[in-house]
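Residue numbers (our numbering): 2 to 810.
Errors might be hidden in some of the hints.
Subject to a maximum C-alpha distance of 20 angstroms in a straight line, what follows is the list of computed PhoX-like cross-link-like pairs (lysine-lysine) [stated by the list, open to error]:
| no. | residue 1 | residue 2 |
| --- | --- | --- |
| 1 | LYS195 | LYS220 |
| 2 | LYS272 | LYS256 |
| 3 | LYS374 | LYS459 |
| 4 | LYS538 | LYS272 |
| 5 | LYS400 | LYS492 |
| 6 | LYS738 | LYS785 |
| 7 | LYS358 | LYS316 |
| 8 | LYS538 | LYS669 |
| 9 | LYS7 | LYS30 |
| 10 | LYS459 | LYS492 |
| 11 | LYS491 | LYS400 |
| 12 | LYS462 | LYS400 |
| 13 | LYS238 | LYS318 |
| 14 | LYS256 | LYS230 |
| 15 | LYS256 | LYS220 |
| 16 | LYS256 | LYS381 |
| 17 | LYS643 | LYS692 |
| 18 | LYS272 | LYS322 |
| 19 | LYS385 | LYS318 |
| 20 | LYS230 | LYS322 |
| 21 | LYS715 | LYS643 |
| 22 | LYS127 | LYS108 |
| 23 | LYS220 | LYS101 |
| 24 | LYS358 | LYS322 |
| 25 | LYS101 | LYS85 |
| 26 | LYS427 | LYS358 |
| 27 | LYS462 | LYS431 |
| 28 | LYS427 | LYS472 |
| 29 | LYS395 | LYS374 |
Source of the hints: derived by calculation from the structure; they are not laboratory data.
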Amino acid sequence: SWDAKKTTAAVVFSGITPALLAQQSEQLKDFSDVNMPVQGSVNIDLDADFRPATARFALGAESGTFNAFQLYDAPIGIKDFYVKGRFDARGQQGEIQDLKIDLGGPKVQASGRMTTEGGMHVAAVKATLTDMPMDRVAAYWPPRLTPDPRLWVTTHLSKGIATRATLELEAGYNPSFTDHKVSLRRLGGKIDFKGVRVNYFPPLTAVQDAAGTATYDEKSFHIEASAGKLDDMTVRKSAIHIVDLDKIGKGEHSKIDIAVSLNGPLKTALKVLDGPPLKYPEMLGIKTASVGGKADVDVSFKFPIHKGLTLNEVKVKADAKLRDVELPDIVAGMTLSGGPMDLSVDNDALRVNGAGKLDAVPLQFDWVKNFSKQEAVASKVGAKLSLDAATLLKFGMPKDMAPQGAMPSTISYTVSQDKSASLNLKGDLKMFSFAVPPAGYQKPAGPPGQASMTIHLKDGKAYRISALDVKSGTAAAQGDIDLLPGGGIKKVLMRSLVMGDTNISLQADSLGSEGYDVRVTGRQLDASSAFGGNGQKNTDAEAARPVTPLRLNASVDRLLTGKDRWLDDARINLSRTMWNRLDRLQLEALASGKAVSLQYLPQEGGHSLRFEADNAGQALSVLGISSSIRGGRLTVEGHPRKLGGPRDMAGTATIENFKLNDAPVVAKLLNAMSLTGILSLLSGEGLTFKKARVEFTWTDRGQPGQAQNVRMLKLKDGQTSGASLGLTFEGAIDQWKNVYDLRGTIVPVSDLNKMLSAIPIIGTVLTAGGEGIIAATYTVTGPKDKPEVMVNPLSVLAPGILRKLFFEQ
């Protein structure tokens, strides 16, 4: 059409390929990769001078490829294309009123406008994309359009579909620039997606079937997901924030912040953290295959986006609520179970705290694992729990210490980088008992007390207990214990051991199957249990019960042997066998200031004995042998018996210049004979004796492997002489059955008796020819604690008895 002011030209065409036109015109070079037959119409308005003023167009194409303005590294395929718009040549402005593109499934609908500013083409576009498979996004997202988020999205999001995506874009393009760089002025939009696989942090396990929305602008890209599955865990929500898109340059990259919230099996959560490159459970020694429980987990990753990313650039943080936990072999072979527990992890450390059970023991705990090798402490657990015997044994307390009961405790378990570990323990001993056998220490349950110690471990095995400090009533012990690889006690060093009336220092070293070598020094050692018996009957079963062999060297100011009994300045050297039998005993001490010496030593053929006391009565009383003798000097000598056992012995015992006082058996004899005067002396100032002597044999049998237990002391030719009384005695004392079988003669005498027997005529009459006088015989039989005494006061002395009584033979 034509009029005076405006002329309109209409062009209808088909089969025109822009790529071919670009070969003919430099101005169309940006369309050289648009290879599709285009059809349509163009209406051009010409002014009065026939110059183009405006144009309107409607174009369409089918089955071609497109790469205008070199947006892509390679042309993209297009199934169907339609565009309608207008162009103002005088204002250098254009408008896309309607753009529709079918990409072979995904569809684009858009509108836009273009202006020219100083040679720069500026385009503003609004577009909507529907049904785009995530696996095809890389092909249609121009590489030079926000390259950092494009890199992350196209390499970490796959499968699924973007159901709807919007784009609002303003960009500039200067065709005169040789690099054809597109400058982004404004960018924004929204993407709805579903069924997407999100590989948040390869090679960690990816989230499947995620659904959500993404929003973006020229500075950032945000993804919010509200569904998904990570193996058998449910993704409650997740968020991906890519920021600093506007700061990309040399040495600078955009940054990503990934946050995922999950719930489900704890095993799966730990498997995620156990994958490379994190491997947190592996560093903790957790075997994820045997883990049980449930977890609510919030995990985040922050790092710059670039191809040369290293693990050191990744900031990891996770927080979790754990329930119904089951972590086998978490420490010392024990299982941590229960909950609730709180877990947090970052690049520096993992922390777990809460409530649970260690095997069957309830506890409150706080566990920290440091990931940096520069930290001296690799991990540390603080806990409050009631430690029972089974738990302490697993932590390394040796069985020899015989723990029983429960000890409410506060513990700190620390593992160093070299895998050595220590368990610091403070506990309440009221309901707990234990022993330190080499030290003779026993803490019974019942009395209140406190204990602290440090158990040292290497490769999970305890090798030392240090800083042992026990206080219970008046008892206290401070020292260290070295342990054997198998868990027994290797060495004990007690710097101070206060136990009842004992106050000593002690060192004990293991001799393997030979027991312990113990050295004791100190102010006072209570050995009462070793003297005077324990009041219990001897049994074959008890004799066959092995004990720990012992070698003891002791040097103490005072050795207690019973109530109100002691030796001063005592030096002891003894050896005890596993059957609780002495093989050696050397004792040097003072009893009421007088020397006591006891030497029981092994020698060829058996053992020898020499016992000397300058105050026999005090020595025998202190040693729990007799409390009826006062003063005197004692000498006992023994030697091995020929053809006897290794402990059989024969010898003599002699006491000189002593008194007998409060002797129950002798009192019964005197009472039976109505010797009231002598009886009064016995219960008063005592009967004086010049000498007592007896021959003895000792038979010792019953060590396991022998037929019968025997501890038999046989006496022969026993005799005494005193101013008021003379005695002979012989027989046996069964130390195993604790019974007497003694007999002898009792003669009431005086200095006059002896004088008369020496007068020739009168002595002959009185002694029946020098060989007899009226006296009595006696027997003592039955249990030691209640013997039966029988006296025959009508007996006649055997010939020569007086000379024997007065040691004149």
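Against the structure, the hints come out as follows:
1. Among the hinted pairs, LYS195 with LYS220 is inconsistent with the structure: their alpha-carbon atoms are about 25 angstroms apart, more than 20 angstroms.
2. Proposed proximity of LYS272 and LYS256 is contradicted: the alpha carbons are some 26 angstroms apart, above 20 angstroms.
3. For a cut-off of 20 angstroms, the pair hint linking LYS374 to LYS459 stands: about 18 angstroms separates their Cα positions.
4. Our distance criterion of 20 angstroms between C-alpha atoms is broken by LYS538 and LYS272, whose separation comes to about 65 angstroms.
5. For the hint linking LYS400 to LYS492, the alpha-carbon distance of about 15 angstroms falls within 20 angstroms, and the restraint holds.
6. Our distance criterion of 20 angstroms between C-alpha atoms is met by LYS738 and LYS785, whose separation comes to about 9 angstroms.
7. Note on LYS358 and LYS316: the hinted pairing is violated, with a Cα-Cα distance of about 32 angstroms set against a maximum of 20 angstroms.
8. This hinted pair does not check out: LYS538 and LYS669 have alpha carbons roughly 25 angstroms apart, beyond 20 angstroms.
9. Simply put, LYS7 and LYS30 have alpha-carbon atoms about 31 angstroms apart, too far for the 20 angstroms limit, and the pair is violated.
10. At roughly 17 angstroms between alpha-carbon atoms, LYS459 and LYS492 fall within 20 angstroms of each other, so this suggested pair holds.
11. Simply put, LYS491 and LYS400 have alpha-carbon atoms about 13 angstroms apart, close enough for the 20 angstroms limit, and the pair holds.
12. Distance hint between LYS462 and LYS400 is fulfilled; the C-alpha atoms sit about 14 angstroms from each other, no more than 20 angstroms.
13. At most 20 angstroms may separate the alpha-carbon atoms for a hinted pair to count; LYS238 and LYS318 meet this at roughly 16 angstroms.
14. Taken as a hint, the LYS256 and LYS230 pair is broken in the structure, with Cα atoms around 25 angstroms apart against an allowance of 20 angstroms.
15. At most 20 angstroms may separate the alpha-carbon atoms for a hinted pair to count; LYS256 and LYS220 meet this at roughly 11 angstroms.
16. Only pairs whose Cα atoms come within 20 angstroms are accepted, and LYS256 paired with LYS381 is rejected, the gap being roughly 34 angstroms.
17. With a C-alpha separation of about 29 angstroms, the suggested pairing of LYS643 with LYS692 is violated against the 20 angstroms cut-off.
18. Using a Cα cut-off of 20 angstroms, the hinted pair LYS272 and LYS322 holds, with the two alpha carbons roughly 16 angstroms apart.
19. Restraint check: the Cα-Cα separation between LYS385 and LYS318 comes to about 27 angstroms, which exceeds 20 angstroms; the hinted pair is violated.
20. In summary, the hint linking LYS230 to LYS322 is supported, as the alpha carbons are separated by about 18 angstroms, within the 20 angstroms threshold.
21. Taken as a hint, the LYS715 and LYS643 pair is honoured in the structure, with Cα atoms around 16 angstroms apart against an allowance of 20 angstroms.
22. Restraint check: the Cα-Cα separation between LYS127 and LYS108 comes to about 14 angstroms, which is no more than 20 angstroms; the hinted pair holds.
23. For the hint linking LYS220 to LYS101, the alpha-carbon distance of about 28 angstroms lies beyond 20 angstroms, and the restraint is violated.
24. Simply put, LYS358 and LYS322 have alpha-carbon atoms about 16 angstroms apart, close enough for the 20 angstroms limit, and the pair holds.
25. In summary, the hint linking LYS101 to LYS85 is supported, as the alpha carbons are separated by about 9 angstroms, within the 20 angstroms threshold.
26. Between LYS427 and LYS358 the alpha-carbon distance is near 19 angstroms, which keeps this suggested pair within the 20 angstroms criterion.
27. Simply put, LYS462 and LYS431 have alpha-carbon atoms about 28 angstroms apart, too far for the 20 angstroms limit, and the pair is violated.
28. Between LYS427 and LYS472, the direct Cα distance comes to roughly 12 angstroms. Compliance with the 20 angstroms bound is thereby established for this hinted pair.
29. Under the criterion of a C-alpha separation no larger than 20 angstroms, the hint pairing LYS395 with LYS374 is inconsistent with the structure, at around 28 angstroms.
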